[in-house]
Amino acid sequence: MTEIPERADVVVIGAGIVGNAVCHHLAELGWRDIVLIEKGPLPDPGGSTGHASNFIFPVDHSREITALTTDSMRQYEKLGTLITSGGVEVARQPQRVEELKRRMASARAWGVDAELITPRRVAELVPFVDPDILLAGFWTPSVAVVDPLRAGALMREQAIADGALTVSANTAVTGIRTDRGRVQAVCTDAGDVETPVVVVACGVWSPRIARLAGAEIPLTPAVHQMMDVGPIPELEATGTAIAYPIVRDMDALMYERQSGADLEIGSYAHRPILHEPDDIPSLESAALSPTQLPFTSEDFDPQLEQALELFGSILDRPDAGVRHAINGLLSMTPDGAPVLGPCPEVAGLWSAAAVWIKEGPSVGRMLAEWLTHGDCEFDMHGADIARFYPHQRTREHVRARANEGFNKTYGIVHPREQWESSRGRKLSPFHTREREADAVFFEVGGWERPHWYESNRALLDEFGDRVTHRQHEWDARWWSPIVEAEHLAMRERAAMIDLTAFAQFDVRGPGALDYLQRMVVAQLDRPVGRLCYTPVLTPGGGFRSDLTVVRLGEDRFRVITGGADGARDRSWFESHLPADGSASLVDVTSAVCTLGLWGPRARDVLAATTEDDVSGEALPFGTARWIDVAGIPVLALRVSYVGDLGWELHAPFEHGQALWDAIAEAGRPHGIVPAGIGVYGTTGRLEKGYRLMGAELDGEYDPVEAGLALPKVKAADFVGKDAYLAAREGTPAATLCTLTLGTLTVDDHTGTDGIARYPQGGEPIVTTAGERIVDRKGRGSVVTSAGPAPSLGAHLLMAYLPPEFAVEGTSLQVEYMAERYPVTVARAGRTPLFDPEDTRMKA
Amino acid sequence: MDIVVCIKRVPAFGAQVPLTDDGSAVDTRHLGFTIGPHEECAVEEAVRLVSAHGGRVTVLTVGPEEAGEQLRYALAMGAHRGVLVDTGTTDLDPEATATAVLAGLADEPEPDLLLFGDASADAGHGQVAIRVALARGLPVVGGITGMDADAGGGLRATRETPAGTEVFRVPMPAAVTVKEGLNLPRYPTLPGRLKAKKAELRTVSCAPEPGGLRTVGLRRPADDRAGAVPLGRGAAAAPAVVDILAELGKV
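Protein chains in written order, with this note's numbering: chain P, 242 to 1084; chain Y, 76 to 326.
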């Protein structure tokens, strides 16, 4: 056994596919003195890498996951550990056929070859299936089987040959030493290794290892059942590991694949079976391996019948037996996505967990880049470990969501679908009033936010045919025409919107200005009372965030950011605080509630509740001031994300209900309505062309492309400045555009079944000839946000388009549910379609 | 030919047997359960005999309600009926186990053949078959690794010994214990599993008096995990290999 070094630049714990890939890519990027510690033996230490089914379907609705998958496939292929088999997802139910059509859109969006095929064609590809029980198939020729154990061994060997890596197998980690919140050393039963960086790539054991350092990696081991049935002569006759395409029987939540002479059957249909990392058996006491637990046949029995239905021709045989059956462990997270990046609790501790075989090699590359450069090629905000708020890292939440999410693995998940478990965790002070108004709540970051109010249903009569009624169930799901009615009421009168889910940080101290200047693009050295909307960039110049900074005093600022990204933003800002303590950051989210008040009557409403001067002269657009509202101290921000006159009213949390009541009372003569996030986040913002982090804005697009570059560049240095300057010099590869479905005058989006359809976001934009549109950086044009613009009488889509298409008036098409609809570029750049001069907002 | 096969629910573990903190029992919290290899061969043999000569196979187990899982496994292999003698536990001494088996057999028609594994995979006392045979006045032969029905309505059974093969002729009814190697047990088929899932099990409740044998405690042998020691790579390893072979007296 190799002696374990006393010192290392980085220690990677876990030699599954992820740990090996991290080591390999760190070595490629020039790291030396890498130590890989593995508790088990090599090459198969006993984790999930050793028992996974190892097939890869590249298409996912998420761009991030598809990018990780296709990059991983390239890496497996380069290592000679990939066999292309093709794969087909089959539909038994009509709603699944619709889902397969939606997958076609995602395949087109991310540039993966795929095709919708008939049951007959499925049976040609896989002659053992019964086509009579199928309705359609989704055929992906590039589906492949890989060998992650061999790929990992090759990656390890390369790094060793480069003189970059020392491997210590059969070595148990007993502790991770920290000092003042920073990693110092990894303690093992073979000795201690001093190191500033530790990467936890321990799969289902990751939470246990992270806890040694005082951090939480929110995942839970969960059972995925699989069995091998054989021998099957037809499969044996092929003389190879896999000769037939893999079948995903989507409605049965199962898959079947050839594995030599056997058919391997896997299931995501059984009840969720969760384990605790501490209860996983040891290497020595496990019958097979620690992550191959005893098969519980009663959970699998219903799946046997489904498998016999589809594959009866080869499974219903007296001589084909169940040769191997396990309850395999895999990692489930609260939202199903991986858990990657620096742990917010401990500096130097990195998570590389909850990764599937299909993503492993690419996750290795992304983490290595992230460790080296501070960011990576693909935007990883959906997988960033910092996305979790503290309550989302608790065992109870992780288990509740994993429990609910398990059966969504092959499920049909609507893009707006809400979780049912672990709800009601965070309630704004307006909550009682909102319930009284029959709010329909959507969740963000644990907060319950009204998406619309059923009490506003009467507005549908008032606004008549200016409100669209979606006829197709899928389009109408998790949506209500009431949103559009609330929108119109706001545009004509006034609306109050609960924005308490904002994350808010107070930054103070003599170094506060310099620190914040370094964090954001906008010039913050402005008079007290000014507020700035600004991009926050990654070191590579992509979007890290977009947020508002208010100067409350010479040495005091408030940072206000969206509830969806608050935890990530807090982690980012905290990790950049000056070491000398000259600036401090306090998260005041829990101390502040926010009520938005907008609409042409907003000033009349506010004026009726305060003796302070709220005129345009006293409180102009882009400023903030403390005012008294019905005896409540309120920080009024003259700003708007919906494009109307009004304020964000920030008040101490405990005054919230009184504030709500005061505004509601004063607004009654003006016909004020409560409006939901449907207006704030979709209809109002789309009409105004405002961008949303995570939709239009992410690490792969820069402010020039997003139309958010500022007129001047400040002298002060800031994160991403070099890249920002370079982007300003060049011509953008793509420009964010707003498109209308049909044209502004012709409503032309009726599907073949005669029903008007409404794209939801995520669909590809193609040329009038049906060609995929790709910019010179290789990025496909995809709908980033979609929604109605009731004041314009249109359905709007946002998408990045290359320069040749980013021309107003250009005709293109959107591909939605396997049909194409004409769209028109209505705006290239950020000028709003509604009230382009911002006269309403600045009134 | 009607055959009753007695099987036992036993924990499945790896190289190391996990024990409870007080060392009184195997810690089965994270273990799966199975039937021992001898008993798998017994079920396989019974299924083959019956398919060749007609009749039916009944599997019988003594244990908790969960032992029904093992009965269903045997049914999926091709057995026809299952009898569960519910004693709430598998941790009975051999006398009590034999009493429970007899209770299960009491209302069954007299089988032509009672098959047992040579010894249970966990306790390994090897007494139950003999006690049951004695109580029912049956001839018994143990450690069998080959058998077939003979022309005279009896059984021809063989046993491998270091000195050679012993061949027995056994009149039926009889009790026989078999050893792994008798045959290659089949894997349950999918249709077999589905049939087994729906099969009715006959349950007999039984609370046998304890016998004389007591387990004082369990102890693991001292940990001597030597592990593999690489002797070197390529030609450089040759001298070390020679040394080892010399040490072993092979060269």
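Since the hints were made in silico from the structure, they are not lab data. Idealized CB from N, CA, C, for every residue including glycine. Take the hints with a grain of salt, since some may be wrong.
[Stated by the list, open to error] Label-pair ranges, simulated between beta-carbon atoms: (1) Y:307 x P:432: 45 to 51 Å; (2) Y:307 x P:613: 18 to 24 Å; (3) P:410 x Y:311: 47 to 53 Å; (4) Y:100 x P:271: 51 to 57 Å; (5) Y:140 x P:665: 38 to 44 Å; (6) P:274 x Y:312: 53 to 59 Å; (7) P:335 x Y:272: 29 to 35 Å.
For each hint, the structure was consulted:
1. At roughly 23 Å, the beta-carbon separation of residue 307 of chain Y and residue 432 of chain P lies outside the given 45 to 51 Å, and the hint is violated.
2. Evaluation of the 18 to 24 Å hint for residue 307 of chain Y and residue 613 of chain P yields a failure: the beta carbon distance comes to about 36 Å.
3. Range check, residue 410 of chain P to residue 311 of chain Y: Cβ separation about 21 Å, and the 47 to 53 Å hint is violated.
4. Take residue 100 of chain Y and residue 271 of chain P: their Cβ atoms lie about 55 Å apart, and the range 51 to 57 Å holds.
5. At roughly 39 Å, the beta carbons of residue 140 of chain Y and residue 665 of chain P sit within the given window of 38 to 44 Å.
6. Under the hint 53 to 59 Å, the C-beta atoms of residue 274 of chain P and residue 312 of chain Y, about 28 Å apart, miss the expected range.
7. Between residue 335 of chain P and residue 272 of chain Y the Cβ separation comes to about 30 Å, which falls inside the hinted range of 29 to 35 Å.
The structure shown violates the earlier hints numbered 1, 2, 3, 6.
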